[in-house]
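First to last, the sequence lines map onto chains L and R.
Per our numbering, residue 1 is the first one in the first sequence, and the count goes up by one each step.
Per our numbering, residue 1001 is the first one in the second sequence, and the count goes up by one each step.
Keep in mind the hints are simulated off the structure, nothing from the lab.
Any given hint might turn out to be false.
Taking lysine-lysine pairs in the DSSO-like style, the calculated list, with each CA pair at most 30 Å apart, reads [said to hold, decoys possible]:
#, chain 1, residue 1, chain 2, residue 2
1, R, Lys-1101, L, Lys-55
2, L, Lys-70, L, Lys-55
3, L, Lys-18, L, Lys-55
4, R, Lys-1078, L, Lys-55
5, R, Lys-1069, L, Lys-3
6, L, Lys-71, L, Lys-55
7, L, Lys-3, R, Lys-1049
8, R, Lys-1096, L, Lys-53
9, R, Lys-1101, L, Lys-71
10, L, Lys-70, L, Lys-3
11, L, Lys-18, R, Lys-1096
12, R, Lys-1101, L, Lys-53
13, L, Lys-57, R, Lys-1049
14, L, Lys-55, L, Lys-3
15, L, Lys-18, L, Lys-53
16, R, Lys-1096, L, Lys-57
17, L, Lys-3, L, Lys-71
18, L, Lys-71, R, Lys-1049
19, L, Lys-3, R, Lys-1078
20, R, Lys-1049, L, Lys-55
21, R, Lys-1078, R, Lys-1101
Covered stretches of chain L, going by a simulated chain R footprint (3 or more residues, C-beta under 8 Å) [said to hold, decoys possible]:
#, stretch
22, 19-26
23, 42-48
Just so you know, these numbers come straight off a predicted model, no measurement behind them.
Here a beta-carbon is modelled for each residue, glycine too, at the ideal position from N, C-alpha and C.
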Amino acid sequence: DVKVTQSSRYLVKRTGEKVFLECVQDMDHENMFWYRQDPGLGLRLIYFSYDVKMKEKGDIPEGYSVSREKKERFSLILESASTNQTSMYLCASRLGGSGNIQYFGAGTRLSVL
Amino acid sequence: AQSVTQLDSQVPVFEEAPVELRCNYSSSVSVYLFWYVQYPNQGLQLLLKYLSGSTLVESINGFEAEFNKSQTSFHLRKPSVHISDTAEYFCAVSAKAAGNKLTFGGGTRVLVKP
């Protein structure tokens, strides 16, 4: 079974802090994704990565950055956390190629106070 | 660009009753279609997908969805729900050409009551 592991289930941070959310997958997938999930809005794509050191902006990249130094690990960085970044963050991975499905981690619920 | 609309944000239903979750999409290109389910305090899991072939697809736990190209819909149905089907359900689309990016609907929360 594919496993996507997010390092924290719950995080509480203060406004202005730098926040790192970590995601690791164990299936040698090329593609990795970060989403945020908000009630009524579904999942919105923040950033994704096709391969190591490759990254592309999703639909809502403002206020976020990412890092992919190793194939199995994809980090989401909030350079200066703000209260409007309080949300559920979901990581996913996917084998490259058309039609392949995404596998999701359990999510990190981030509260910025 | 593509978009997905789930017409119902919440659907209360009694146990053993049927349920239908509606999903409409818009896209200028051919698409793949997916339904994901999120149980409480968990990540998303694939429920079923349409890539090509038969327009009716089924999951192992009794759900089915039908791709209707003319109506650009991919509604999800189950003839008899269980308490354990209480979850949030997300419809998603990805363009065949792009293949990688998923666009999600806003989700439908299903509450199964005894």
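_What's the verdict on L/Lys-70 and L/Lys-55, does the C-alpha distance respect the 30 Å limit or exceed it?_
12 Å, holds
- Are R/Lys-1069 and L/Lys-3 close enough, with their CA atoms no more than 30 Å apart? 34 Å, violated
Q. Is the hinted pair L/Lys-3 and R/Lys-1049 satisfied, with a Cα-Cα distance of at most 30 Å?
A. Holds, at about 20 Å.
- Hint consistency between L/Lys-71 and R/Lys-1049 [alpha-carbon to alpha-carbon, up to 30 Å]: Holds, at roughly 26 Å.
For the pair supplied as a hint, L/Lys-3 and R/Lys-1078, confirm whether the alpha-carbon distance does not exceed 30 Å. This hinted pair holds, its Cα atoms lying about 28 Å apart.
Q) Has the given pair, L/Lys-57 with R/Lys-1049, been kept, meaning a C-alpha gap of at most 30 Å? A) Roughly 26 Å between the alpha carbons, so the hint for L/Lys-57 and R/Lys-1049 holds.
Q) Between L/Lys-18 and R/Lys-1096, is the straight-line Cα distance small enough, at 30 Å or below? A) 37 Å, violated
Exercise for the section: Report holds or violated for chain R covering the stretch 42-48 of chain L, Cβ cut-off 8 Å, minimum 3 residues. Expected result: Coverage by chain R holds for the stretch 42-48 of chain L (5 residues, Cβ < 8 Å).
- Query: Keeping to a limit of 30 Å between CA atoms, is the pair of R/Lys-1078 and L/Lys-55 held or broken?
  - Reply: 39 Å, violated
Quiz item: Is L/Lys-3 close enough to L/Lys-71, meaning Cα to Cα at most 30 Å?
Solution: Given that 30 Å is the threshold and the Cα spacing comes to 14 Å, the pair holds.
Verify the coverage statement for the stretch 19-26 of chain L against chain R, using a C-beta to C-beta distance below 8 Å and requiring 3 or more qualifying residues.
Coverage by chain R is violated here, the residue count being 0 at a Cβ distance below 8 Å.
- Message: Between the alpha carbons of R/Lys-1101 and L/Lys-71, is the straight-line distance 30 Å or under?
- Response: Distance ~18 Å between R/Lys-1101 and L/Lys-71 Cα, so the pair holds.
Figure legend: structure checked against the earlier numbered hints; hints not met, in rising order: 4, 5, 11, 22.
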